[in-house]
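Novice: Sequence:
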Amino acid sequence: MGRFAPSPTGPLHLGSLYTALASFLDARHHQGKWLVRIDDVDIPRNAPGAADLILKTLEAFGLHWDETIYYESRNFNQYESALARLKALNLLYPCTCSRKNLADYAQHHGGGDRYPGICRDKNFHEQNDYAVRIRTDGAFIEFIDRLQGGFSENLNAVHGDFIIKRKDHLFAYQLAVVVDDQAQGVTHIVRGIDLLDSTSKQIFLQTLLGYPLPYYMHLPILVDQKGQKLSKQTYAQAVDQRNPGPVLFHLLQLLKQAPPEELIDALPQEILQWGISHWNPAPLQSWTQLCPSNGFVGLN
Numbered sequence: 001m002g003r004f005a006p007s008p009t010g011p012l013h014l015g016s017l018y019t020a021l022a023s024f025l026d027a028r029h030h031q032g033k034w035l036v037r038i039d040d041v042d043i044p045r046n047a048p049g050a051a052d053l054i055l056k057t058l059e060a061f062g063l064h065w066d067e068t069i070y071y072e073s074r075n076f077n078q079y080e081s082a083l084a085r086l087k088a089l090n091l092l093y094p095c096t097c098s099r100k101n102l103a104d105y106a107q108h109h110g111g112g113d114r115y116p117g118i119c120r121d122k123n124f125h126e127q128n129d130y131a132v133r134i135r136t137d138g139a140f141i142e143f144i145d146r147l148q149g150g151f152s153e154n155l156n157a158v159h160g161d162f163i164i165k166r167k168d169h170l171f172a173y174q175l176a177v178v179v180d181d182q183a184q185g186v187t188h189i190v191r192g193i194d195l196l197d198s199t200s201k202q203i204f205l206q207t208l209l210g211y212p213l214p215y216y217m218h219l220p221i222l223v224d225q226k227g228q229k230l231s232k233q234t235y236a237q238a239v240d241q242r243n244p245g246p247v248l249f250h251l252l253q254l255l256k257q258a259p260p261e262e263l264i265d266a267l268p269q270e271i272l273q274w275g276i277s278h279w280n281p282a283p284l285q286s287w288t289q290l291c292p293s294n295g296f297v298g299l300n
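Numbering (my numbering), first residue to last: 1 to 300.
None of these hints come from the bench; they were simulated from the model. Don't take every hint at face value.
Derived pair list, reagent style EDC-like, types lysine to aspartate or glutamate, alpha-carbon separation capped at 20 Å [what the hints assert, rightly or not]: (1) Lys256 with Asp194; (2) Lys56 with Asp66; (3) Lys87 with Asp121; (4) Lys33 with Asp66; (5) Lys167 with Asp42; (6) Lys256 with Asp145; (7) Lys167 with Asp121; (8) Lys100 with Asp113; (9) Lys167 with Asp113; (10) Lys256 with Glu270; (11) Lys167 with Asp129; (12) Lys56 with Glu67; (13) Lys167 with Asp145; (14) Lys87 with Asp137; (15) Lys167 with Glu80; (16) Lys87 with Asp129.
Can you make the complete structure from the sequences, with help from the hints?
Specialist: This is how it looks when you write it as structure tokens:
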């Protein structure tokens, strides 16, 4: 069971469609279901109409999902229940640190992005606005990525205690994604390597909550000529839906699947069927992938 979980902050760009296609091909190649989840838990960032536009784009490219679309914003009760279970283990504490506080602390004491444990002795009865952090003492995480190989991390030494519910009362991505994958029965996760940094946190939460661990595969991300990840923040253009066949063909090239040249003029369904039958992620064992400026030129 695979899944694609876009955030509805704008239309799909080529980098998002590249990841969607890879997860779709991986699920279908293994005769599995492919689910779509709208990652709309960060409500202030959601763009009106973006979720519908994303779904129409996937349909335009023949990426048809199984089962009902899952919206994170409708499942806050499940996140609250998971939070209560973790609180019962005495692993949570309130944190009132601001980004400025942490930046000032790092400037004077070092430590980079690792949370230094400033609020560890605080109790929940204190009447302040706070985020909720989880203690990571002794958390050493190891897993085998299906593409990148073995990975291990001392979670506490690298990240420290991380946030699972934000100060604005919204649930953090790390908790939401773990609860969602469990609720949907996701077994195989294919996503960009920029999220590898989150995987140890998610495995930590899965283990504490007694969830089975999914299999992970982290793809190289698409970057532009400046080495910047294709994203909304770097003004990546929305995918053109008018001629999906050539776009799918060149996405297969970006995924290093070496489609035959005659497929470039084929119908989207024929291209997808070839991609499903020949799916082989092994050539993608790298961290970044150059995406030419026009998005359609083969990679070196």
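Novice: Each hint needs a verdict: does it hold in this structure or not?
Specialist: Cross-check of the supplied hints:
{"no.": "1", "hint": "Lys256 with Asp194", "in the structure": "19 Å, holds"}
{"no.": "2", "hint": "Lys56 with Asp66", "in the structure": "15 Å, holds"}
{"no.": "3", "hint": "Lys87 with Asp121", "in the structure": "15 Å, holds"}
{"no.": "4", "hint": "Lys33 with Asp66", "in the structure": "6 Å, holds"}
{"no.": "5", "hint": "Lys167 with Asp42", "in the structure": "12 Å, holds"}
{"no.": "6", "hint": "Lys256 with Asp145", "in the structure": "19 Å, holds"}
{"no.": "7", "hint": "Lys167 with Asp121", "in the structure": "18 Å, holds"}
{"no.": "8", "hint": "Lys100 with Asp113", "in the structure": "12 Å, holds"}
{"no.": "9", "hint": "Lys167 with Asp113", "in the structure": "18 Å, holds"}
{"no.": "10", "hint": "Lys256 with Glu270", "in the structure": "18 Å, holds"}
{"no.": "11", "hint": "Lys167 with Asp129", "in the structure": "6 Å, holds"}
{"no.": "12", "hint": "Lys56 with Glu67", "in the structure": "16 Å, holds"}
{"no.": "13", "hint": "Lys167 with Asp145", "in the structure": "33 Å, violated"}
{"no.": "14", "hint": "Lys87 with Asp137", "in the structure": "15 Å, holds"}
{"no.": "15", "hint": "Lys167 with Glu80", "in the structure": "15 Å, holds"}
{"no.": "16", "hint": "Lys87 with Asp129", "in the structure": "17 Å, holds"}
Consistency with the previously given hints fails for number 13 only.
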